[in-house]
Amino acid sequence: MRTFSVLTLGCKVNSYESEALINKLLDCGYELKNFNEICDVYIVNSCTVTKTSDQKSRQMLHGARRKNSNAVIVVMGCYSQLNQEEASSIADIVIGTNNKLDVVELINSYLTTKEQIMHVTDVLTNPKYEEMKVSVLKTHTRAFIKVQDGCENYCSYCAIPYSRGKIRSRNPENVINEIANLVKNGTKEV
Numbered sequence: 000m001r002t003f004s005v006l007t008l009g010c011k012v013n014s015y016e017s018e019a020l021i022n023k024l025l026d027c028g029y030e031l032k033n034f035n036e037i038c039d040v041y042i043v044n045s046c047t048v049t050k051t052s053d054q055k056s057r058q059m060l061h062g063a064r065r066k067n068s069n070a071v072i073v074v075m076g077c078y079s080q081l082n083q084e085e086a087s088s089i090a091d092i093v094i095g096t097n098n099k100l101d102v103v104e105l106i107n108s109y110l111t112t113k114e115q116i117m118h119v120t121d122v123l124t125n126p127k128y129e130e131m132k133v134s135v136l137k138t139h140t141r142a143f144i145k146v147q148d149g150c151e152n153y154c155s156y157c158a159i160p161y162s163r164g165k166i167r168s169r170n171p172e173n174v175i176n177e178i179a180n181l182v183k184n185g186t187k188e189v
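With numbering that gives the first Met the number 0 applied, the sequence shown corresponds to residues 0 to 189, in that order.
If you're looking for bench data, these hints aren't it; they were derived computationally from the structure. Be careful, since some hints might not be right.
[Unchecked claim] Cut-off 20 Å, straight-line C-alpha distance, at most; resulting in silico cross-link-like pairs (PhoX-like, lysine-lysine):
#1 11 <-> 113
#2 183 <-> 137
#3 187 <-> 11
#4 132 <-> 187
#5 23 <-> 183
#6 23 <-> 137
Given the sequences, and given the hints that come with them, work out the whole structure.
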């Protein structure tokens with residue numbers, strides 16, 4: 000059984016996406032460990048709001064490599080979306096802000112070929128909403144539910160429209176079903 004760890008930097012959107020990713024990996028037979036432990040796969044769900052968050056993303060990736068030089072290092076999120084070349088100098092698999100749930104297939108592909116994988120799409124021209132779901136909370140007691148992604152305000156100080164793309168919303172029935180399932184599985188606060 001392969002072991003993995005997910006480190007989440009940044010916002011509540013990243014927290015939600017990391018929970019969905021953890022659920023998917025557990026469903027595929029992976030074992031969740033703490034980021035400080037030796038793992039087969041380290042995943043950093045990155046942030047790029049400030050230069051400090053970029054630096055923290057890089058530090059966590061380098062730290063994972065030091066923990067286990069044979070591990071598969073995956074970076075995903077806003078930092079890798081906007082800094083693909085820099086991220087690729089550290090990570091084995093680079094995923095942007097879309098297609099995060101492809102990670103299991105990407106890990107398997109990397110383990111087979113040992114060739115670096117760049118899996119970043121242009122979010123400005125590909126405004127598809129990536130449907131995710133969380134069944135059981137593994138890292139928090141309060142559930143965060145993602146109902147939309149993106150931003151179109153283009154504030155002068157913010158990179159989110161460039162890293163997340165245009166606004167796109169989730170199907171309301173999927174949100175209601177996910178909340179009902181979380182409550183059924185013991186979640187007390189959403």
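Those earlier numbered hints the structure runs against, lowest number first: 1
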